[in-house]
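All chains, please: the whole structure from these sequences, using the hints.
Quick note, the sequences are listed as chains A and B, same order.
Each number in the numbering used here comes from the position in the first sequence (counting from 1) with 1 added on.
Each number in the numbering used here comes from the position in the second sequence (counting from 1) with 360 added on.
It is worth saying that the hints were derived from the structure and are not from the lab.
Some hints could be false.
[To be verified] Coverage of chain B stretches by chain A, computed from C-beta distances (three or more under 8 angstroms per stretch; other residues unrestricted):
no.	stretch
1	440-449
2	531-537
3	571-577
In this text, all values refer to a predicted model and were calculated from it rather than measured experimentally.
Every residue, glycine too, gets a C-beta built ideally from N, C-alpha and C.
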Amino acid sequence: MLPHVLSARGRSRLVVLAFTCLLAACASTPTAGPTHATSSTDAAADRLASPGAVADDHIVLVAHGMACPKCVTNADLQLMKLPGVASVRIDMQHGILDMTMTGDRRPTQAEIAKAIDDAGLTLVSVQGRIAEGGGS
Amino acid sequence: MPAATQPSPGQWIATEKARYYRFETDAANDVRSIMALETTVAYGIVSRVSVQADLPAYWKDAGTPGRTTVGIGDLALALKLRVLQEDLGPVDTVRAAIFGGVELPTGTDDFGSSSTDPFVGGVFTGIFGRHGLNAAARWTFVTGQAFDPVFAGDAGSDLLDFNASYVHRLLPETYTEVHEPALYAVLDLDGTWETNGDLEMFLAPGLLWEAQRAALEFSVGFPIAQSVENRPRGEWRVNFGVRLLF
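This is the structure:
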């Protein structure tokens, strides 16, 4: 019925308006964080400047949704942007991301979760020591 | 083969597709074949939102020496929003996205509709191990008419584009830590329906090779359903595409 009621220009404007409203509504959906995470503290956490930062030089993430080789690149690029991350080794088939870090500045658990979310993946767990007082 | 995937924030995906369209010879039209070079650039804005621009260039052959025309088509700008993401396992996922945009009348004389045409649509992707399914639909509100209608939507009627595809990963059987490229067999169903009654469906088997930062695709399409009165009927088509992630 719509095509008969409105002119072509009117329909165009209506469509653009409707899509803009829909986009605004959906974009406000909160971002999902990791579903599970293990954390503990030890002496290594003392050198960390920010609470919730990774304490170990090496942590293992489990993430789901790496369905194609491009997903590996997405994960690698997003995680390598984080402070202190020196390398990321990825086992697609098992969803394992093995991160090695150097230097004093380390990513927080929240930063890791956001990087995984930005890569279009779902963070399932973080296996490594996280300093108390932060994270998500 | 539209998919519910998009670049992550700050990333670019550039795609170049060469398409060759062969049309049935008909006294009522003056086009025999069209070579199209479609350039697409997509950019990830935030986690679930990307923008995309498409610009085609055309070489139209009327089948008569000296009757080849060259030009560009309408520029399409679109916004894509991922609305569903269920990652069921390490390599299993179900995703859906909606998109909307507008085709701007940038086309030269022989190409494009000389009108501003908004469009909306949705796309679904499911990947389960070595099997993948895609389904997409796009509605274009056509507000103008091309001088010489060739493609669906050129004749001034609103247009529904629909697509379904099945993808089977041939290689590797299982992924390893050595990230070797994947090779897929693809079966693509492409269709158009216009409110003037024109319907056209093509089945296109092909191959897709995908590495971490590049992908190549090739397919050949044949009509499986055609009821077209307002433009030339397609005979067959070939698609070759290159995609780069950076």
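Status of the hints after comparison with the structure:
1. 440-449: holds (count 7)
2. 531-537: As far as the stretch 531-537 of chain B goes, the hint holds, because 4 residues have Cβ atoms under 8 angstroms from chain A.
3. 571-577: holds (count 4)
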